[in-house]
Amino acid sequence: MINVLVTGADGQLGSHLKQWGAQMPDIRIIPLTRRQLDICQTDRFAQYLKLYWPDYVINAAAYTDVEKAEENQDTAFNINAHALEGLGAMCKKYQIPIVHISTDYVYHATDNAPIDESRPANPKGVYARSKYAGEQLLLKSGAPSLIIRTSWLYSTRGKNFVLTMLELAKTKKSIRVVDDQIGSPTYAKDLAQAILHIIRKSAVERIPWQGEIYNYANEGYTSWWGFAQKIFELKGIKIDVQAISSSEYPSRVERPTNSRLDLHKIVRTWQVPVRHWEIALREMLSEYRDKRKMPWQR
26 MINVLVTGAD
36 GQLGSHLKQW
46 GAQMPDIRII
56 PLTRRQLDIC
66 QTDRFAQYLK
76 LYWPDYVINA
86 AAYTDVEKAE
96 ENQDTAFNIN
106 AHALEGLGAM
116 CKKYQIPIVH
126 ISTDYVYHAT
136 DNAPIDESRP
146 ANPKGVYARS
156 KYAGEQLLLK
166 SGAPSLIIRT
176 SWLYSTRGKN
186 FVLTMLELAK
196 TKKSIRVVDD
206 QIGSPTYAKD
216 LAQAILHIIR
226 KSAVERIPWQ
236 GEIYNYANEG
246 YTSWWGFAQK
256 IFELKGIKID
266 VQAISSSEYP
276 SRVERPTNSR
286 LDLHKIVRTW
296 QVPVRHWEIA
306 LREMLSEYRD
316 KRKMPWQR
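Residue numbers (the numbering used here): 26 to 323.
Any given hint might turn out to be false.
[What the hints assert, rightly or not] Derived pair list, reagent style SDA-like, types lysine to any residue, alpha-carbon separation capped at 20 Å: (1) 93 / 278; (2) 93 / 148; (3) 260 / 194; (4) 263 / 192; (5) 184 / 248; (6) 195 / 314; (7) 117 / 231; (8) 197 / 251.
I should point out that these hints are in silico values taken from the structure, not numbers from a laboratory.
I would like the entire structure built from these sequences, with the hints used as guidance.
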């Protein structure tokens, strides 16, 4: 049995890690919600490690509100950066491999080419800088680690673009959506499956982790406008979606115009499954309709 401790287990990714773990007879998920564990409390984290002695840790806890991070800099850096120093120190001490989830925002690419992991980081804004700082602190800790940068994450719960569009459609006849930011929507369920696939392969083949960084997203690219159009098309919702530029969207944060993640490294190294974003979105919308039947959300 592979025991996997998950922080932030009540979030989008954490919920799907619990789902996949329940379907894998050789994996046991140990979920810790934000209420159970504030990852900034290193001593508390160490207590959980000694209580469960997990084989792996997945850090799915994060401060993800890009806009509010600008006014809550200390909180964003405490959760996304400084906490990783403590998590890394404890995982190094007990030699427990840790997966950390990061973001495409650390790249902030301005060209139109797919971004691979060799691209120099260029974080802009508090959220991006805090996430990149967290990566660096984890790597510096010397813990056996693996970092996954993902993009445009959504699921059947939490705060995300898909659910926001569905809520807006209840009261709006027309909405305006940015069309000059291009990226790869990522269903949290698929990311969870990829992470557990890597953990299982690592455990079975005894593959050590040495601070490698990987991209993961669903296959294919679109704009936020194209993403919105597809959501409404699949749900059969009639609504006018107007395409606007980033300059017309009020925001205190300069958002990446290019979030096209190159997936060759993670597929080549770990043979993880990758679906096209439209296929994943179709499944998510179907599952959202039936979400009350999901046993892992009861």
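Results for each hint:
no., hint, in the structure
1, 93 / 278, "holds (10 Å)"
2, 93 / 148, "holds (17 Å)"
3, 260 / 194, "holds (11 Å)"
4, 263 / 192, "holds (14 Å)"
5, 184 / 248, "holds (19 Å)"
6, 195 / 314, "holds (15 Å)"
7, 117 / 231, "holds (17 Å)"
8, 197 / 251, "holds (18 Å)"
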